[in-house]
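K.L.:
Chains as they are written, first to last, in this note's numbering: chain A, 1 to 594; chain B, 1 to 176.
In silico BS3-like cross-links for lysine-lysine, where the CA-CA straight-line distance does not exceed 27 Å:
| id | chain 1 | residue 1 | chain 2 | residue 2 |
| --- | --- | --- | --- | --- |
| 1 | A | Lys152 | A | Lys196 |
| 2 | A | Lys203 | B | Lys76 |
| 3 | A | Lys207 | B | Lys72 |
| 4 | A | Lys207 | A | Lys316 |
| 5 | A | Lys61 | A | Lys196 |
| 6 | A | Lys203 | B | Lys22 |
| 7 | B | Lys72 | B | Lys169 |
| 8 | A | Lys224 | A | Lys350 |
| 9 | A | Lys203 | B | Lys65 |
| 10 | A | Lys224 | A | Lys572 |
| 11 | A | Lys39 | A | Lys22 |
| 12 | B | Lys65 | A | Lys329 |
| 13 | B | Lys76 | A | Lys196 |
| 14 | A | Lys353 | A | Lys207 |
| 15 | A | Lys196 | B | Lys172 |
| 16 | A | Lys316 | B | Lys65 |
| 17 | B | Lys172 | A | Lys203 |
| 18 | A | Lys399 | A | Lys532 |
| 19 | A | Lys350 | A | Lys222 |
| 20 | B | Lys22 | A | Lys152 |
| 21 | A | Lys362 | A | Lys224 |
| 22 | B | Lys105 | B | Lys140 |
| 23 | A | Lys196 | B | Lys72 |
| 24 | B | Lys76 | A | Lys152 |
| 25 | A | Lys207 | B | Lys65 |
Keep in mind that the hints were calculated from the coordinates and are not lab data.
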Amino acid sequence: MAVATKAKSQTAKQPTKLKPQKISGAEIVYRSLEREGVKYVFGHPGAILLTVLDLFLKRSKIKHLLIRHEQCAAHMAEGYARASGEVGVCLTTSGPGATNLITGITDAYMDSIPIVCFTGQVATSMVGNDAFQEADIVGMTRTITKHNYLVKSTDDLAETIQEAFYIARTGRPGPVLVDLPKDVLLGDGDYQLPEKVDLRGYKPTTKGHPRQIQRVAEAIEKSKQPLLYVGGGAIHAEAHPEIVKLAETAEIPVTYTLLGAGAFPSAHELSLGMLGMHGTAYANYATMECDLLIAVGARFDDRVTGKVSEFATRAKIIHIDIDPTAIGKNKTADIPVVGDARQVLVEVNKLIKPQERPLWKKRIQNLRTEYPLTFDSPEGAPIKPQEAIVALSEEVGDKAIITTEVGQHQMWAAQFYNFTFPRQFISSGGLGTMGFGFPAAIGVALARPDKLAIDIAGDGSFQMVMQEIATAVQYDIPVKVFLLNNATLGMVRQWQDLFMDRRFSEVDFESSPDYVKLAEAFGASGRRIVDKDDIRPAIQEMINTPGPFILDVIVDPDELVFPMVPAGGATKDMIVRDSRKKILQGKLSALPDN
Amino acid sequence: MSRNANNTKDDTHTIAVLVENKFGVLAKVASLFSARGYNIDSLCVGVTQDPSVSRITLVTRGDAKVLEQIRKHLSKLIDTFKVMDMGETDSVEREMILIKISAPKAARPEIFQIIDVFRGRVVDVSTDTITVEVTGDEGKIHAILNLLQPFGIKEIARTGKVALTRGAKTLKGAKN
Numbered sequence: 001m002a003v004a005t006k007a008k009s010q011t012a013k014q015p016t017k018l019k020p021q022k023i024s025g026a027e028i029v030y031r032s033l034e035r036e037g038v039k040y041v042f043g044h045p046g047a048i049l050l051t052v053l054d055l056f057l058k059r060s061k062i063k064h065l066l067i068r069h070e071q072c073a074a075h076m077a078e079g080y081a082r083a084s085g086e087v088g089v090c091l092t093t094s095g096p097g098a099t100n101l102i103t104g105i106t107d108a109y110m111d112s113i114p115i116v117c118f119t120g121q122v123a124t125s126m127v128g129n130d131a132f133q134e135a136d137i138v139g140m141t142r143t144i145t146k147h148n149y150l151v152k153s154t155d156d157l158a159e160t161i162q163e164a165f166y167i168a169r170t171g172r173p174g175p176v177l178v179d180l181p182k183d184v185l186l187g188d189g190d191y192q193l194p195e196k197v198d199l200r201g202y203k204p205t206t207k208g209h210p211r212q213i214q215r216v217a218e219a220i221e222k223s224k225q226p227l228l229y230v231g232g233g234a235i236h237a238e239a240h241p242e243i244v245k246l247a248e249t250a251e252i253p254v255t256y257t258l259l260g261a262g263a264f265p266s267a268h269e270l271s272l273g274m275l276g277m278h279g280t281a282y283a284n285y286a287t288m289e290c291d292l293l294i295a296v297g298a299r300f301d302d303r304v305t306g307k308v309s310e311f312a313t314r315a316k317i318i319h320i321d322i323d324p325t326a327i328g329k330n331k332t333a334d335i336p337v338v339g340d341a342r343q344v345l346v347e348v349n350k351l352i353k354p355q356e357r358p359l360w361k362k363r364i365q366n367l368r369t370e371y372p373l374t375f376d377s378p379e380g381a382p383i384k385p386q387e388a389i390v391a392l393s394e395e396v397g398d399k400a401i402i403t404t405e406v407g408q409h410q411m412w413a414a415q416f417y418n419f420t421f422p423r424q425f426i427s428s429g430g431l432g433t434m435g436f437g438f439p440a441a442i443g444v445a446l447a448r449p450d451k452l453a454i455d456i457a458g459d460g461s462f463q464m465v466m467q468e469i470a471t472a473v474q475y476d477i478p479v480k481v482f483l484l485n486n487a488t489l490g491m492v493r494q495w496q497d498l499f500m501d502r503r504f505s506e507v508d509f510e511s512s513p514d515y516v517k518l519a520e521a522f523g524a525s526g527r528r529i530v531d532k533d534d535i536r537p538a539i540q541e542m543i544n545t546p547g548p549f550i551l552d553v554i555v556d557p558d559e560l561v562f563p564m565v566p567a568g569g570a571t572k573d574m575i576v577r578d579s580r581k582k583i584l585q586g587k588l589s590a591l592p593d594n
Numbered sequence: 001m002s003r004n005a006n007n008t009k010d011d012t013h014t015i016a017v018l019v020e021n022k023f024g025v026l027a028k029v030a031s032l033f034s035a036r037g038y039n040i041d042s043l044c045v046g047v048t049q050d051p052s053v054s055r056i057t058l059v060t061r062g063d064a065k066v067l068e069q070i071r072k073h074l075s076k077l078i079d080t081f082k083v084m085d086m087g088e089t090d091s092v093e094r095e096m097i098l099i100k101i102s103a104p105k106a107a108r109p110e111i112f113q114i115i116d117v118f119r120g121r122v123v124d125v126s127t128d129t130i131t132v133e134v135t136g137d138e139g140k141i142h143a144i145l146n147l148l149q150p151f152g153i154k155e156i157a158r159t160g161k162v163a164l165t166r167g168a169k170t171l172k173g174a175k176n
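All chains, please: the whole structure from these sequences, using the hints.
P.N.:
As C-alpha cells, this is what we get:
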C-alpha cells in the first residue's frame, strides 16, 4: 500500500516517466472503493467474483453484506444513497446476478439516485459466445443508467471506477454500472489515477446564468400569487435551507412532490403538503390559481400535472433544474434556469426583498379550511390506515426515517406523516417499484444509525421482498416494518372501485402468510393488531424491541386514497373525498389513460 | 429508418455530433433514439482528424420541441461533447449513392448522358448492368434516381448524409 501511494503521488507529477507498480484487478476494485469512501457493499456472490470477495474476508475497512436477492441489493444501495447523499454500491455476479439488478437500477435512474453497480462478467475471450451465466448487461442497462462501462483491460480499471463514482454523484445524479470480466479481475494492471476527473463530454452546469437569476427575482417581486413547487432535485442539491429562506422572505407558499417531501417542513405555515394525483386539494387548487410557479428540481411528471395542457395555466413558469432535458420536456418554461438548485437559490436569495402577500395567504388559508385533508374513523370500524400513520408520526416523529413501498399506503404516508427534515421520506417515485421500501430501509438503517428506519409497507409490496428479513437478522439491522395489511393490492383495487364498477379482479390475496410467524421463522419479532386502541402501544413495542420487527396492522381494505386527480385528468377534475358518491353513480367512469 | 411521405421538409434536421471514438458509443446514441421514440432517417459515422474523436451525422425529424429534446439528450450523453443542428448555420451537405442499373446496349448512350449531366462516375460495368457512383445533396440524388428509374434500378446503396459548416467555422470546442 505504501509503495502504491508513493507511486500515485509521483504519477501526478511525471505521468510519462514513472513505471507504475502492477496490482491485481480485484485489488484495484477494493482500493478504488476505499478511495471513494465506500463503507458498505451490498452484494451477492458468484464464481467470477471470488478474488474480490476474498479481499472482504482479509480486510475490514469495507463491510460487504450478503443480501438474498440482487434486486434488493440495488434498493439497499439506493436507500443508503437517498438517506446519506453518498453513493450506494452493489456488487453482483454475471448473468442472473446482473439481470436481477435491473429493476433497482431503473428505479435509481428514474429518481436520480447515485449508485454504482459492479457486475461480474465472463472473461473477455468468452464475451459474445453465450457462455455460462453470460448476459449483455451493458447493452441491457444502456438506457437505464446515467453511464455504463464494460472494462476491457485491467489497466483501465482504476480510472473507470473513479469516473463511475464521479459521474454517479455529480450533475443530475444517477446509477452507473461497471461490468467486470473475470480476466480483468484476475489480471494485473496499473493503479494510476489523474488528480481529478476531467471528461470533455461531461461538464454539468451548476451555476445559474446571472441574467436568468435576475429575471427570477424580478418575476417573484412582480407576482401577486407565487407558488414554490419543490421536487427531489432540491433534496439532492441540499437546497432546503434556501427554499425555506426564499419562502419566508418573499412569503411564498410551498408545495412538494412525492420525492420533494422533507425539503420543506410539512407543518410550516407556508406548507401546502404534496401536490398531484393524490396531493392535497389546497395544493392542487393553488396550482390553478397561482400566477407564478417556481419549480425547483422537479420535472412536471404526469402524476403531478395531470393533463399538462391544463396545469397551472394562469402561471408564468420558472423552472430551475440541473438537467437541461428536464426543462421544456413536459411544460414550457418562461424562465428556464439550468443549474444546481442550491447554488441558483443562493443567488436568487441575494436579490430577494422581503414581501408580504396577505391576500394570497388568506386565500390559501381558506382553501385549506374548505378542503382539509381528512378521513373518517367511526367507532368500532376496522383500523383506518391513515390513523395508523398519524399515530406513527406522533409517536416517532423526527426520530424516524420513513421508507415506503408503492401503492395506497405510500400516498397516505406522504399525506399524513409530519416530515421535518430532508431525506426523512424515502420512496420510489418515478418507477413506482413495489418491494422498494423494505430493502431501502435496510440501507437507511446503515446510513443513519442515529435514526429509526421504518418501512411503511403494504402487504402486496412486502411479499415481493420479504426474504430480506434474513439479511436484517444476520447483520442485526434494526429495521421496522409498519405493515398496513389489507390483504389486497389496494391501489389497483381503488381504480377498480372507481373506474370498473367495483369489479375486483385479481387483486385480493386469498392466502397471506402469518406475518408474525414469518418474522419469527426468520429470527425476527412481530406483533399483529386489529383494534384501534392497540396502535400506539404496539408502536412503542416495535420501537423498543431490538432488531428487525414486523408490526402487522390489519386495516380496512375498502379505504380509498383521496383527493384523487384521475390519470390524464386536469386538476379541476379532482375528486375530493365528498364527491365519491357521484363517481359511484357513474359520472366519472371513463377509464384513464395510465 | 423509413421515410414518411407526409413529413414536410421543414421537419427534417441534419445533426452533427462529436463523440468519443470508443467502444459502445454509437450504440448509446442509437439506443437514445429508440428508447425515446425519436426517428433516425439516416446515420453516418466515421473517425475525424483527431483519432480519439468520431463524428456522427444523423438526419432526424420532429417539431421544434422534439428537436430541442433530441439535442439536449444527445448533449447529455457522457461520451458526446459537441452537438450541432447543421440547418442553423450555412453548411455543405452531401451523400453518396451507388446505383446498379439494367443497361442493355441500346440504352447505354442515354444512361451515360444522364450520368454525365449529374457528374456521376461509372465504377463497374457488366454485360447487362452499369454501376454508377453519384455524390450530391438530397435533391440531386433524388433527381438522378428519378431519371434512371425507367431503365430499371436493380440495387442501390446510400451512405446517408454528411455535412460541414461553410467557411472557417468548425464544430470543435466545448459541449453546448
